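Visitor: Listed below, chain by chain, are the residues.
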Amino acid sequence: MESKLALQISNLSVYLASKEILKNVTAEMPKGAIGLLGPNGAGKSTLLKTMMGFLRVHNGSIRVLGFDPQREGAEVRQRIGYMPEDDTYIPGMTAVEFVSYCGLLCGLPHKEAMLRAHQSLHYCGLGEARYRTIDTYSTGMRQRIKLAQALVHDPELLFLDEPTNGLDPQGRKSMLDLIREITRNKNISVILSSHLLHDVETVCDQVLVLFQGTVATSGRIEDLKRIAQAAYEIRLKGDADSFIDALAQRGIDCQTKKDNMLQVKIQEETGTETLFQAAQDAGVQIRHMAKEEMTLKEIFSSAIQQTNGNQNESTTEINQVNSQS
Amino acid sequence: MPVYEQTYSHYEGEYRPRSLAWTLIARRGIIQTWRKKWFRIILMFCLAPFIIMTLRIYLASNMELLNLLEFNTSAVKDILNIDEKFYHTFLLIQSFPCFLMTLFTGADLIASDRRTKALTLYLSKPITRLDYLFGKASIPCFYLYLVSMIPGLFLMFFYAFFNENWMYLWENRQIAGRIVLLSHVYIIPMIALILAISSMTRSKVSAVVMFCVISFVPDTLVNILYNLVQETWINPDYFSLFSLNTVNRQLGAVLFKQEIPYDLHWGWYVSALAVLVALCGLILNKQIRAVEVVK
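Just so you know, the sequences run in chain order R and F. What the first sequence shows, in the working numbering, is residues 1 to 325, in sequence order. What the second sequence shows, in the working numbering, is residues 326 to 620, in sequence order.
Honestly, the hints are just simulated from the structure, not real lab data. Predicted model, so just to flag it, every value in this text is computed and none were measured. Just so you know, even glycine gets a beta-carbon here, dropped at the ideal spot from N, CA and C. Among the clues, some could well be false.
[As the list claims (entries may be wrong)] In silico lysine-lysine, DSSO-like type, Cα no more than 30 Å apart, as pairs:
1. F:Lys-442 - R:Lys-173
2. F:Lys-442 - R:Lys-19
3. F:Lys-611 - R:Lys-111
4. R:Lys-111 - F:Lys-442
5. R:Lys-173 - R:Lys-111
6. F:Lys-362 - R:Lys-23
7. F:Lys-529 - R:Lys-111
8. R:Lys-225 - R:Lys-257
9. F:Lys-362 - R:Lys-19
10. F:Lys-442 - R:Lys-23
[Said to hold, decoys possible] The calculated label-pair distances, taken between Cβ atoms and stated as ranges, are:
11. F:Val-534 - R:Pro-109: 40 to 46 Å
12. R:Ser-18 - F:Arg-360: 43 to 49 Å
13. R:Ala-17 - F:Ala-603: 22 to 28 Å
14. F:Trp-495 - R:Gly-127: 58 to 64 Å
15. R:Gly-41 - F:Val-595: 49 to 55 Å
16. F:Thr-545 - R:His-110: 55 to 61 Å
17. R:Gly-219 - F:Val-616: 26 to 32 Å
18. F:Ala-603 - R:Gly-41: 36 to 42 Å
19. R:Lys-111 - F:Gln-583: 51 to 57 Å
Bound conformation, chain F alone (with noise of 0.2 Å):
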């Protein structure tokens, strides 16, 4: 029978488990994250360090192909060494990917749903608040992911495959298990922080507005206090804790096993990262309700 001969009926099929509603809001957020031309640009620039960095890996397996341009000089052997400080450095740069990833994605994701009061619908279906938070995060989460952990596995993959030693996966795994970690150290706290601040506000722009301070602003005064106590009784490395960037940084270095540019025990940067998770679902908690009371 067709659509518009139809009338409303009572449902006797089976319902999809309850467990799943998570899902859909991931979905749904990713197809309609992808459908807009100017984040698919953002994108394309995000992965261009990619690109360079395959790049630099076809290069350093085909090392002939230098010698025949007469480009295998010592400097070039450096720039194509591919071992540990290669991935670091790769992930050091996609930091940046990651953040204008996260505002782009995650900025409007609960802020948009204030504003058109939508919250209440979402809760009015028979699925729990955290199955909202779980789906809105793997939005940010999944494009994170599409910028960071995915090329970094995928350039040990092209090292291997360039040099046609699978072997290599296997005897560096540990390195991959780093990315994979430094990679949820970056997403993980970003993440939480832009659904929180996006639950504070109805407008997108104020979402941007405040991200935009709490990730740059800090860094700054870390740096100018840094400067201010060096002659003093204070540990100036303490401040570092107080900076998204420099903790992400730090801890990086730990990971990759490179000069820390701090004097602080990991556990101290991991602990700030862990509070600043906890208080950003505090924030969630409090916000993400059907009801909103006004005192």
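If we strip away everything but chain R, and leave its shape as in the complex, we get (with noise of 0.2 Å):
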């Protein structure tokens, strides 16, 4: 039985410390790269430890790869391959002794995982200190052995952690590439969590993005930027103000910008007519008008607000209704 999902979350809390760190998570994500995007705390590392069956369900259900972790997490485990946020290692091993007895745990009989493990260090650029202990790698070497070790017996998906955690920009950039490479040709799916919207902006296609516990969007990245508010780059002739005005009466946004450049973000189904009604109304000539593409960061910000807004909502009703009773 293959899945084409990834994951499938339905409705699930996940406490930790009695802290209810996951609240009511529902999510289908299918096979591909998916960025699991969250500022700190948000739940993206707890979200993956339940995944590979470490942490107990509370509420609601998890499937990985369309197995339950909670009573398949061997098949689960032996599906994907991990690489830990912390830098985790066993010392007194060489980096090639490391990857092919990671190997030899996940299954891979004694031959195989010594030859596996030479490719998987050649392929994280890593072949020409395979010989040495791990304790003397760098922060860098010792991402690129945490992914090798990941990689070594061929899982369906990847857990990344912060895999650009403590790198420099040229070993981030190199370290983004390599993950890109494995999604892109070795048709291996990466689940990659960051708080780094450019990390998951240059890798994934879909995205989950977490905040204080909940699900505050998720989907392909090139859909959520197009049922997105669209912005306009405006320049014009006339008064702006009265433009402004005559945009808020229509409750459109409008933002000023360098250059006496107006930003007009209007949801999809309303219409470039609209804003040519509001010129005319306001007596003022569109000169120049050009689409903005949407950012990451603008569909990362614009969701956390609404979620935030929604939350502050809730709150005000419960404690509207506390202080009724």
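Build the complex from these two chains, which are given one at a time in their own frames, with help from the hints.
Guide: The structure is reproduced here in structure tokens:
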């Protein structure tokens, strides 16, 4: 039974030390490069650990590649490769011993484990340093060896927890290039957990944004960009203030940018005619209008603001109910 | 194709059964330990009593040699009497080498994995916590067998060999059984204790200190309390249950039908060991987790 979905999460709640870390998380993500995005403490690592069966599910359900990590943890871990966030290694081993040992633990026969350890180390750019003990490795090399050990047994899905942590810009770029190469050319799905938007945007085509343990938004990045408000850059001839007022009357947000440029955000279905209508009413001419490409940062910010707003609203409602009672 | 020309490719072969995963951890640990030169020296030291005992068996089997050297006095004859007491004495002597082996092979087993956060790495592979624990426990177990049960059984074999009396092994199979049992009485609680201690710390030194304290302090306390309550209504023998050393001595004496040091039923001592192992199991269950929850 091969699942087309990498992840199926339904109303998932997870508690750590009697604190609810994941609250009613629901999402479905197809195979591919998935970004798990959110600020620190959003619950990204908790979700990853729940996917591997390390944490008990308090409520709801989760399936990874069609398997339930709670009951079929070993099945899940056989099919995934995990690159932890922390500096993790087994001391006193050379890189090739370490990676082949990880392969053995995943069930590879001895000969295959050694062969694939060499291949993985070459692939991750550690070919020259493979006979050095890991204790002598730099931070960048340790990140790479963590990736090599996650790849050695040929997983279907890679869990990468903050893979660019502690890397300099050059190291970060090459690590991201490597991850992109894995997803594009090796047909291995990736779940990349990061608080760095750039990392996710570089590698992933889908995103699951978490904020304070809840899903802020999820889906294909392209779709999210399309669904989200479209932004237009506008230059006017005439009084900008009256145009802004005319837009405000139509419930459209407008901000002034540098060089007398305005940024107007409208819903996709609203259409640009409304802008021309507002310009006519204000007695100004639109001399330049260009659609701005929405960045992941803007999607992320708007999703977080929306979630935050919803949570504040519900808190206010609860407070009102409490004060009434 | 040479290795340096190969790149990453998908694996199309078979995976080994998961039930064997613990043997990989055990095998690696045993080899890693053996590679240490200082460890091999300690192991030789731990096997010194075995060599002396083998010599005793050789002399006992060659009385004419002693006659020739005019050493065949009654005192020498007593020493060279190879019976149950001889094997019991050997295992009693080996309790200290067992302690040393446990200390040197077990103290850093889990502590080092906690120090380098390797526990997460192990448990992110398709192995269970029990596989991990079995694998780790097998490392001191192997070396403890090497200094207790295996030399004990070899002594019996040597006696049969030197006397060319192979029936001796069959006729004394109960002694062999007792050697196996008493070795496990030593091995199981010691391994459980060292693993539990090792799982509670990240430092090898702390684990070594804690194991030494737990092994020796109760012994001293038992002796002090035993003498203090001699004249009171309290049965001082109950204190002997709190020291691993006295429990081992008592059970050894029971198994080999020797004079027992304390006047308590052996069931008490077996229960004390069971409680100790259960406690260690609870600690290990709490500590061996892929995720450390900081409250």
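Visitor: For this structure, which hints from the list above don't hold up?
Guide: 3, 5, 6, 7, 9 and 16
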